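**Q** Fit chain B to the supplied structure of chain A, relying on the hints for placement.
Line by line, the protein sequences give chains A and B. Numbering of the first sequence is given in the numbering used here, commencing with residue 682 and proceeding in unit increments. Numbering of the second sequence is given in the numbering used here, commencing with residue 152 and proceeding in unit increments.
Watch out, some of these pointers could steer you wrong.
[Stated by the list, open to error] Here are the simulated distance ranges between beta carbons: (1) GLU390(B) / LYS733(A): 27 to 37 Å; (2) VAL741(A) / VAL262(B): 50 to 60 Å; (3) VAL1301(A) / GLU390(B): 32 to 42 Å.
No lab work stands behind these hints, which were simulated from the structure alone. Everything numeric in this text was worked out from a predicted model, so none of it was measured. For every residue, glycine included, the Cβ atom is placed at its ideal position computed from N, Cα and C.
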Amino acid sequence: MGFLAPAFLALAVLAGVPLLVHLLRRRVGRIVEFPAVRYLLRMEKEHSRELKLRHRLLLVLRVLAVVAVAIAAARPMARLTGLGHAPVAIAVLIDNSMSSGAVRDGQSVLEVLRSDARSLLGALTEADRAWIVTADGRVVGGSTTVLLQALSEIQPLGGRGNLPNATRRAIALARSGAPRASVVAMLSDGQQNAFDVVGDSTVAAGEVPVMALVHPHTAFRNRSVLAVDATPARWTPGGTVSFQIASPDSSAWRIALDGRTVARGTVGASPVPSPVRLTQRLASTSTGWLRGSVEVDPDELRGDDARWFAVRVAPPPSVAARNDAGPFVTAALNTLVDETRLVRGSEGSNGVVTVASADAASVRGPALLAAPSDPLRVGEANRTLTRLGIPWRFGAIARDQVLARDVTRASNSSAVALEGTQVRTRYPLLRTSAGGTALASDTLATAGGAPWVVAGANYVLVASPLEPEATDLPLRAVFLPWLLEVLSKRLGDDGRVLQAHPGEHLGGMDGLSALERPDGGLIALSGDRVTVPNAAGVYFLRRQATRVGALVVNAEAEESDIASQPAAGVKGASPFLSRITGRAVAQESDGGRWRTRVLEQSSGRSLLNVLLLMALAAVVLEAWVSRLSVASRSV
Amino acid sequence: MEFAEHRPYIPGDDLRYLDWKIAARTDRWVVKQFEEETNARAMIVLDVSRSMQWTGDPARLTKLAYAERLAAAIALLLIRQRDAVGLIRFDAALRSVVPARGQRAQWRRLVAAFTEPGGGSASDVAGALLQAGRMVRRPGFVVLLSDLLVDPEPVAEAARALRASGHEVLVLHVLDPAERDFPESAEALYRDPESLAEMAATPSDVRVSYQATVQEALAEWRAAIGRSGARYALATTDEPFGRPLRQLVGSNGRGAKI
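If we strip away everything but chain A, and leave its shape as in the complex, we get (with noise of 0.2 Å):
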């Protein structure tokens, strides 16, 4: 038993009033004149018996009132099976991911499982607690009528989510509403690869019964768009873009930009682990920051029928090259430069970038260095790179063989360029404090465990003589791409193109003011993260009034992986429960089976209205005895 204000049994002290009384009743004070004390005495002496068994009968009584009624103050609660519901702090567990927005007998399923809610919320009373947890984790408290109201206002995600942390979460708040009955109830479509999340996706709920309520339902044919890259970030009108369709039966696909259809086709039967790979050329008669989606056939679940891509439609960077950057660097440039990757420009002009030796005299920013091949030149290129305001120096100059090593992490062709990279000689980076500010992200690669290749605002600087003696890095195949994305990424003005998940959290946002959404409505933004949208799309990020890049927000593509999904007819707990450890895990495929085994985790009541009638009862009966005829019936 528990008690939810378990202050109010200090009132359970009250209780020795009566007891008290009792005791000192043969100490009264107060005189009175009674001529019949003659009665009095007559019948103390023949009722005496009756009357001690009165007196401790109403004595019991009296305490047993006030008891009651101190014990019923602080809220009571007991498991007695079979006496309706105890209040219970129940969280609501909705999976509203992507493909809960299937629809099947022109209801979706997230309708289905929101009618299912909707009828749990009704059953409770206000001596509980509710909570409304969603598939990314959002929480709404509060009365019954505000979960109602949250619960009309929920809409599928546009990804997945991530199911075991909205668990977790669950389970943390049925547990706090303690010392009522904790129950998490759980929703959701059944996708069996609903716990397949990046990270921990194991969840303990310990004490914690999970009631999982998933329909049985047939399976049905989705078309989805698993996956699209557009490249190069900048088209120069033109780029290509790569899609991945999955579709039970043929479809017809379409590529939109800017709104506009710029090619389309038609694919084969092909399901989701071998999805038909395309690749269009397209070249948009549009410039600026474009959006650009991948389109099939409507089905029955429609979030997947669409796969968002953005590219930047503009001229290609501008670079000057000095010839002390090397020949392996201008051969590379004249070749970028004849496939119209590149342009020259002026150096000095505004956008253009320059390519030079760090000990080049007036070089200005932006700029990709490298170290010089003399190394008397050592001096001149630290000064240079002192006036450029670049937070790094060349140190000593080392002859070791050494591979460079990749320390971004990422997947893209310029890391892949660096990682394993021979080098013979090297003057490795040493960080200062003047003239700006260095962090280790800013380091692009080692070598020798020192800083070989990093980046800034405004410059990539390079530990090595962009020679073969140096490094092997232009000799690489990956040299070109990689001299192409630093000097249009990093130091051109392409923008950034990030790629995200619904819900998920991202860093870098520095600098920007707002998203700017599919509809033109800003998202504005403080700080250096953001919260991933929940609705897949592009959004453009905004630096004041100008676009510097985009966020294409698309669901997992494990996410249209509706057939595995239980059929209809197949019994047992979803796979996914199987992650859920704790002492109860069940799973039901009837709402109302489902709600009365929900509220069956809390069978029992609350005493205080037990408690309340017990007390009017003692009462009631304390008067009764108090007035009853002992000796009426003798006479």
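**A** Relative to chain A, chain B alone:
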């Protein structure tokens, strides 16, 4: 009383009835005999002990005041029908005695006697009854007004003796409603003003038992007085005087009227 005849004096005769004129003229000692005109002789026996001076409500008469008014009414009734009425006031002992007379001034004498002292700490009811029997030489009426906070048996024995002497005995049990119902609310130490006996009680707890006990006691009184051949009536001080009077004024079972 009307003169009837003379008869020779016999030692022990009351000298008040000696005819002094004949004795002076003829030197013969004769006494006057009178022809009584009254129908009956009655003695009212009134308990004036301390318990009778109690009332459970200041708005009500004390038991004594109530009994005195009843006694006055009975006396007036008897005098008007030419019966002789006397009064005995008693507590532990006789406090005052007014011999029975049928004269109209007798009522004033009786009422005046009510002002005489009383308030003793006991009630010798049986003694007072026997004394009343002795004062009524011819068979007559003895009316007892008392709260009867005594044992019934001695009183019943006295009543039985009076009945054996041919007297009609009427017992009027005067009771305050508070003594019957025990309406007190607060717990207190209850003390008998006569015997000073005490008992602590919580009225709400014992009221029912108390009331039952009182009813038992009243039933015992009714039975005991009834067995003695006397008549018994209960009068509570919150009821009109007419009801106990109607109980007393009526057939005595032998055709006589009070």
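**Q** Determine for every hint whether it applies to the structure shown.
**A** Hints and how they fare:
1. GLU390(B) / LYS733(A): 27 to 37 Å: 36 Å, holds
2. VAL741(A) / VAL262(B): 50 to 60 Å: 58 Å, holds
3. VAL1301(A) / GLU390(B): 32 to 42 Å: 35 Å, holds
No hint from the list above goes unmet by this structure.
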